[in-house]
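A.B. asks: Using this note's numbering, the letters of the sequence shown correspond one by one to residues 12 to 508.
The hints are all genuine.
Computed list of lysine to any residue pairs in SDA-like fashion (alpha-carbon distance at most 20 Å, straight line):
(1) Lys428 with Gly440
(2) Lys308 with Arg240
(3) Lys454 with Met410
(4) Lys465 with Met410
(5) Lys201 with Arg165
(6) Lys397 with Asp245
(7) Lys465 with Asp416
(8) Lys454 with Met366
(9) Lys319 with Glu419
(10) Lys171 with Leu161
(11) Lys150 with Ile162
(12) Lys303 with Arg240
(13) Lys311 with Arg333
(14) Lys58 with Pro122
(15) Lys303 with Asp341
(16) Lys474 with Ser461
(17) Lys220 with Asp295
(18) Lys116 with Glu78
(19) Lys308 with His323
(20) Lys155 with Ser143
(21) Lys474 with Asp436
(22) Lys381 with Glu355
(23) Lys415 with Glu425
(24) Lys201 with Val154
(25) Lys454 with Ala443
(26) Lys465 with Glu425
(27) Lys404 with Ile354
(28) Lys201 with Asp147
(29) Lys171 with Glu189
(30) Lys311 with Glu345
(31) Lys397 with Ser251
(32) Lys450 with Glu425
(33) Lys319 with Glu372
(34) Lys202 with Asp160
(35) Lys407 with Ala315
(36) Lys201 with Gln211
(37) Lys319 with Gly423
It should be emphasised that the hints constitute simulated quantities derived from the structure, not laboratory data.
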Amino acid sequence: MVELNFKKLSVEPIAPNQDAVRDAVNSLGGLQDVSVAIRQSTEMLDKLRRDTAFADANTQFTGLSAEAGLNFMDYTNSLDMRHTREAGEKINTYVNNTLRTKYDKFISTIPNREVRQHFKMQMEQDLRSYQSRGLDIQKGAMVKRVDADLITARNNLVDKIHIDSSNESYHRLMGSMENHINSLPMSLEKKQEALNVSRQVLSREKIIKEYGISPDKFARYINVSITNRSKPADPTSIASLGESAGDKELSVANDLSGSINDAAWDNLETTERRQLLEHLVRGDNAANTKRKTEVIKEAKYIEALLDKGTVHPDAHKMTLERAIDAFGVDKGIEFKNLIDFKIESAPAVARIKTMTTPEAESFLEQLKSKITETGNSPDYMLRYSKFYDHLAKAHKESMDLLQKDSVEWAVGNEGMKPLRFDDLDNLGGDLAERVSLLKGIDKKFGLNSSVFSKDDEKLFLKKLQRSNSHEFIKDMSRVWDGLTGRTRVRFFIPITK
12 MVELNFKKLS VEPIAPNQDA VRDAVNSLGG LQDVSVAIRQ STEMLDKLRR
62 DTAFADANTQ FTGLSAEAGL NFMDYTNSLD MRHTREAGEK INTYVNNTLR
112 TKYDKFISTI PNREVRQHFK MQMEQDLRSY QSRGLDIQKG AMVKRVDADL
162 ITARNNLVDK IHIDSSNESY HRLMGSMENH INSLPMSLEK KQEALNVSRQ
212 VLSREKIIKE YGISPDKFAR YINVSITNRS KPADPTSIAS LGESAGDKEL
262 SVANDLSGSI NDAAWDNLET TERRQLLEHL VRGDNAANTK RKTEVIKEAK
312 YIEALLDKGT VHPDAHKMTL ERAIDAFGVD KGIEFKNLID FKIESAPAVA
362 RIKTMTTPEA ESFLEQLKSK ITETGNSPDY MLRYSKFYDH LAKAHKESMD
412 LLQKDSVEWA VGNEGMKPLR FDDLDNLGGD LAERVSLLKG IDKKFGLNSS
462 VFSKDDEKLF LKKLQRSNSH EFIKDMSRVW DGLTGRTRVR FFIPITK
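Construct the complete structure from the given sequences, taking the supplied hints into account.
C.D. replies: If you want it as structure tokens, here you go:
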């Protein structure tokens, strides 16, 4: 039975317990929660798939972009950029066809539409970048072509100035160069720069050509000095005279102002004049040193023969012009006079080197009488005095060598053959001939010579040390067969008179 409570107000509503209402199970609400969860999971999965597709596509796109960049470089490097318009068309075709096809093929593999759209935009940016780079390459090629054309034109004019370096030719060529530069697709600033360089180059080449033709034209700007001059160690030696002559050294003067009636010189600043002349002077100094060295080397060889009484054909090539060029005027004349003197003295030197001491003294006494003859000029007396000293020295040196090594002396003065120990079949005959010559020399000079010179003894001893007894006896038998009876007796003993 329900109990009625009459104490409650009549206006209080009669309703179920609120907690009970809240805690009651609602089947529709549960379905809504599941639906939201599924939707959220689906959205999360779609986002994960999109992010994964983007990450994969981005990795592949990076590789594709790098590969495309390398391919683009290889392709553009293979093009002949001398024809820029044609090369530009080929670059555009390569970008719009070859590269675009590669990108399109990649994009078609992307499964996500949003990701595809993103990389399509990236593709267009890349292709536009390649097109822009293609234009830059064409511009660079055009600049290089203009520069190359400018250099070619300038070199052609340089060749012409080398042929004709007159002022008229210089002005004509400069006008031609200016017209050519004005026709080039360059800014005014670049044209002026090119004109200045061309003027400097042509002026420089004209001066170099003029200096080579007539260095005296620049004499007022060049100082000449002789350095390292000394007294000759041997006044009778051609080589010693040349070595003591000193070095001719050129230097650039301090004052390079003024004109020398040369249009190119007038177009050069003082600094440019100095740099150019210093360059030319360095070349001249190096050439002077080289010429002097060559002349002295040649003189030593010629003099060695002259002192033996032999005149080499090259002795007559030692002209006065070469001597002055190498040693200057004064020393050059002195150098040439000494050469001529020794050439004229050579026959007498050849004779006196084989004279006995009494014969040489008689010969020199006759020569000395010519020096003291009355009426002779000082130059004549000086010339014969030098001749006397030269011959006396030649005879003394010859006799010193004869006493030291008569075989070496005979090889140099009597035509004796040097022995060849590697030719045993002919060694005996050579020894026989040597013995005969030495017999005459010993008789003439009162000597008692050995068949072998000091060098021969060294070679013979070396051969003996290298051979065993059997080989040595066999070799000596071959030599023995080539000797005559009397020569065999004197083979290893001094020659008696």
